[in-house]
Each structure stands twice: as C-alpha cells, then as structure tokens.
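Chains as they are written, first to last, in the working numbering: chain A, 1 to 53; chain B, 1001 to 1227; chain C, 2001 to 2230.
Check the hints yourself; a few may be wrong.
[Said to hold, decoys possible] Here are the simulated lysine-lysine pairs, DSSO-like style, with alpha carbons at most 27 Å apart:
(1) Lys-2075(C) x Lys-34(A)
(2) Lys-1002(B) x Lys-1014(B)
(3) Lys-34(A) x Lys-51(A)
(4) Lys-34(A) x Lys-2073(C)
Note that these hints are calculated values from the structure, not bench results.
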Amino acid sequence: MDEARNLSYMFYGFAAAFVILAIYVASLAMRERKLRTEIDRVRRMVEDTSKKN
Amino acid sequence: MKTFLRAAAAIASKDLRSEMRTKEAFNASFAFAMVILVLFSFAFDPDSEELQTISGGLLWLVFSFAGALILNRSFARELQNDCLDALMSAPVPVAAVFFGKVLANYFLLMIVEIAALAAFSILYNTHFSAQFWPVVLVMLLGTWGMTVIGTMFSALTVNLRMREMMLPTLVYPLLIPALMAAMTLTSDLMNGTPLGADNLIWLRVLTGFDFIYTILAMVFIDIVLVG
Amino acid sequence: MTDTRDRIMLLLTAICAALLTFSLYKIFLVLPDEANQGAIYRIVYVHVPAIFTGFTGFFVALGASAAYLITGKLKYDAFAAAVTEVALAFATIVLATGMIWGRIIWGIWWAWDARLTTMLVCWLIYAGYLMLRRAIEEPTQRARLSAVVSIFGCVDILIVWKSIEWWRTQHPAPVLSVRDGGGMGPGMEAPIYWNWLAFMCLAVILVMVRTRQERMAGEIDSLRRMAHSY
Chain A
1 MDEARNLSYM
11 FYGFAAAFVI
21 LAIYVASLAM
31 RERKLRTEID
41 RVRRMVEDTS
51 KKN
Chain B
1001 MKTFLRAAAA
1011 IASKDLRSEM
1021 RTKEAFNASF
1031 AFAMVILVLF
1041 SFAFDPDSEE
1051 LQTISGGLLW
1061 LVFSFAGALI
1071 LNRSFARELQ
1081 NDCLDALMSA
1091 PVPVAAVFFG
1101 KVLANYFLLM
1111 IVEIAALAAF
1121 SILYNTHFSA
1131 QFWPVVLVML
1141 LGTWGMTVIG
1151 TMFSALTVNL
1161 RMREMMLPTL
1171 VYPLLIPALM
1181 AAMTLTSDLM
1191 NGTPLGADNL
1201 IWLRVLTGFD
1211 FIYTILAMVF
1221 IDIVLVG
Chain C
2001 MTDTRDRIML
2011 LLTAICAALL
2021 TFSLYKIFLV
2031 LPDEANQGAI
2041 YRIVYVHVPA
2051 IFTGFTGFFV
2061 ALGASAAYLI
2071 TGKLKYDAFA
2081 AAVTEVALAF
2091 ATIVLATGMI
2101 WGRIIWGIWW
2111 AWDARLTTML
2121 VCWLIYAGYL
2131 MLRRAIEEPT
2141 QRARLSAVVS
2151 IFGCVDILIV
2161 WKSIEWWRTQ
2171 HPAPVLSVRD
2181 GGGMGPGMEA
2191 PIYWNWLAFM
2201 CLAVILVMVR
2211 TRQERMAGEI
2221 DSLRRMAHSY
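Please take these sequences and the hints and turn them into a complete structure.
Right under this line is the structure:
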C-alpha cells in the first residue's frame, strides 16, 4: 500500500526542499559572522591609524 | 551613420591586419577545431548512420569551442600598451569600436568554420553539399549571434583577473537558444530535410536572437566599456 | 531605522511560520491522496510555490538592475544581488523537488523538456551572474557589469522559453484554475497559494538579511580605504 502511495519519495522531496533552505540559511549566517568580525577588525584598524596621526 | 560605419570599418581592418601579422588567434582556433574533430571519432562510431543525425550538433560544438578562443582575445589584446584606453578616448562612438571588432571576429570565425566544415565532411563522410546554401545561411546567422554575444562578453570581462574562466561560464548559457536552433537546423539539412514548414520556426528563432542581441549589445556596450 | 527593520523581520517570520504550519497541516493531514499519483503529488505544494517565488525574484532583480543603471545608486545593486541569490536558492529547490517527483511519475530523474531545460538554463545564467560578482572587486564596476549580465540573462530566458515551448513537452501544463478552469480537485489548490505567500515572506526575510550583508561589505570597503588613506 505504502509502496503505491510513494510515501518515501514524497518525504525525500520535502526533505530536499528544507535541506536546501537550511544550507542557504547556514551559509548566510556564516557570512554574517565573517562580515561582523571583519568590520570590527577594520574599525579598530581605522581608530589605531587615526590615533597615531 | 556614415562616420559610424567608417569608424567600424577602420577598427575591423586594424584588427584583421594585426591578426594577419601574427595569426595567433586563427592558428590556435583552427588547430583546436581539428583536435576536437579527431577526438569525436573516439567518442562515436564514425561510420554509423547515427552520426549523420547528430552531425549538426557536433559541428556547432566545434564552432563554439573554436570561437571562444578567437573571442577571448578580441578585447584582451588591446590591454597591452593601454591600447584600450586610447580606443575609448578616440573621437568615435564606443558602439562603432565594438561593431568593428564584431565584424573582424565574424570574418575570422567564418574562415575557421568553413575550414572546419570541409574537414568535418571529409573525415566523417557527411553530405552537406546537397543543401550547400541553406547550410551556409544557417552558419552565417548562427555565427553572427555567437560573435555578437562573445565580443560583448569579451569586452565585459576584459578587466577581470579570471577573464579566461568567466568568459565561457557566462557566454555558453546565453548562447543556448542560438546553438539549439543552429544545431537542429544543421542536423536537419545534413539529413536531407530541406528548409521548410517544419524547421522554419528555428530559422525565426535564430534570426530573432541575432536581431535582439545585436541591438542590446549596441545599447549596453557604452555602459560596459565606459561606465 | 534598524529597529523597524528588525520588527518587520520578526513580524514576517511569525507570519511565515503560521502560514507554513497551517498549510503543512492541510497538506498532510486533511487533503486525501491524489487518485493517480498517490501521496507523492504533495510535492506540488513545494514545487510550484518555489518556482513562483523564484521567478518573482528574477524579475524583481531585473527591475533592480535597470534601476541601478538608470540612477547609479549602489543600493539598487546590493538589492539586485540579494534578490538574485535568494531566487537562485528557490530555483534549486524547484529543480531538486522536480527531479524527485519525476523519478516516480516519469521513471526518470530528468527529461529534456521545455520547462526543465528553461529552468536549468536560468539556473546556469544566474549562477554565472553570482560568480561574476565574486570576480570583481571594484564596487561600481561590479554593479555596472553585473546589471548588464542580469538584463542579458533575463532576455535569454524569455527566448529559451518561447523557442522550446512548442518543441518537446513532457511536463504537464499548468493545472491551476487561473489559466483554464482548473484540473485540481476542490480545496487542493488553495494550499499552493498559501505556501506561495509563506515562501514569499521567507524570501523577503532572506533578502533583507542579504541586503544588510551587502551594505556591511560596502562599509568594510570604505573603512578599509579610509584606513589606507591616512
């Protein structure tokens, strides 16, 4: 019965959609973290150089 | 209009003359086309009837790979000695410079293609001669589309570090409609089906593609090269 | 400014979660199996909303690219980049769910039919667009060139679409009632639209996050230039 309903492939379909979204969100989060550390670093660099002069 | 054409002709003849002196793009492109043609004989059974049905596709693969070599160099060769800046500051429209380059590339590519077509029909025993003029027409139209898009993106990628990689990744997907039409038409013609009601639609696609992108490229080339 | 932005994002997240819960409940627990396809037809509720969302995104990106070329304001470029990236994620969902569905219904993972081919070409073009953006460092040059690529790409998709429509069509024609009376059972169609709304909310959230990142990257750039100019 379940074979004819193709339940497993339905599950794969939904899983694929959510996995792709999850991967994209994870990549966004990773980029966010990288950008934040970078912006802090650059801000400090600007402050340091402006103090020296 | 007249000055536009005269400027374009001047650029085209300049490009062709410098190509005549070195022949580097032409030689590389032609040699590459020959190598692909030989490699096809290992990928398919060269004597089978099946080859006839896919011959149009194979031929356009050869053309588009060989074309990339010529088009890649089109604007990149102006980088030496800041020739590109000089060209841009010349008192002619940027579109004229672009059009001249398209003409030169078109001429070169057509020569390579005719040579490759001859080699192809000898090596693989295909019979395009029965439909010689229709095949030439398809080649003229298909190559125009390829040249316009290729020259446009040659200009677009000229200042990039990864120029050689970016050009094919951008150009081939855009060329898909033109190549699809040209491949279908050429295969049909080589199988002896004349141009007619069945495949006229593809001729329309090809002409439409050429028309749309020639206009788009002329409009946008200013933005790409000057800003 | 950031406060309202955060509040909008929070609101959208709530709406999206509520809509998704509601429609997933409908899809899995209320609606019956389809007569011919069994349970697997439910993939339609992800597949179709995702393609609607993806194409909406690509057209918005076309508008944003044109807006950048007309006004020269970098914020439109950042927006175009963000929208394209999110739309590409949805296009990937369309391809993946479509292949899984096709594996059962057609017995093959992939068919070279009009819709599938167009979708793949579309995916390749916009992936190229994003790669081009990575290859250029100078912000205005990047904005200029990628806007041109976006416009060329959009035109190309229209040509591909038109030219293979009458060629090989294995993919079923749209069965939604907006086009022709409708081929789906009563109550079966509504979740498609609910899911579309949910996906659009999600897409807007993602675009907002991504646009903020583009702005941060721009800020880093100008800060760096400031640091080196001392």
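*Keeping to a limit of 27 Å between CA atoms, is the pair of Lys-34(A) and Lys-51(A) held or broken?*
Status holds; Cα separation ~26 Å.
*asked:* So if I understand the rule, the pair passes when the alpha-carbon distance is 27 Å or less; does Lys-1002(B) with Lys-1014(B) pass?
replied: holds, 18 Å
*Restraint status (C-alpha distance of Lys-2075(C) to Lys-34(A) at most 27 Å)*: Distance ~21 Å between Lys-2075(C) and Lys-34(A) Cα, so the pair holds.
*Would you mind confirming whether the straight-line C-alpha gap from Lys-34(A) to Lys-2073(C) stays at or under 27 Å?*
It holds: about 26 Å lies between the C-alpha atoms, which stays within 27 Å.
Of the hints listed earlier, there is not a single one the structure fails to meet.
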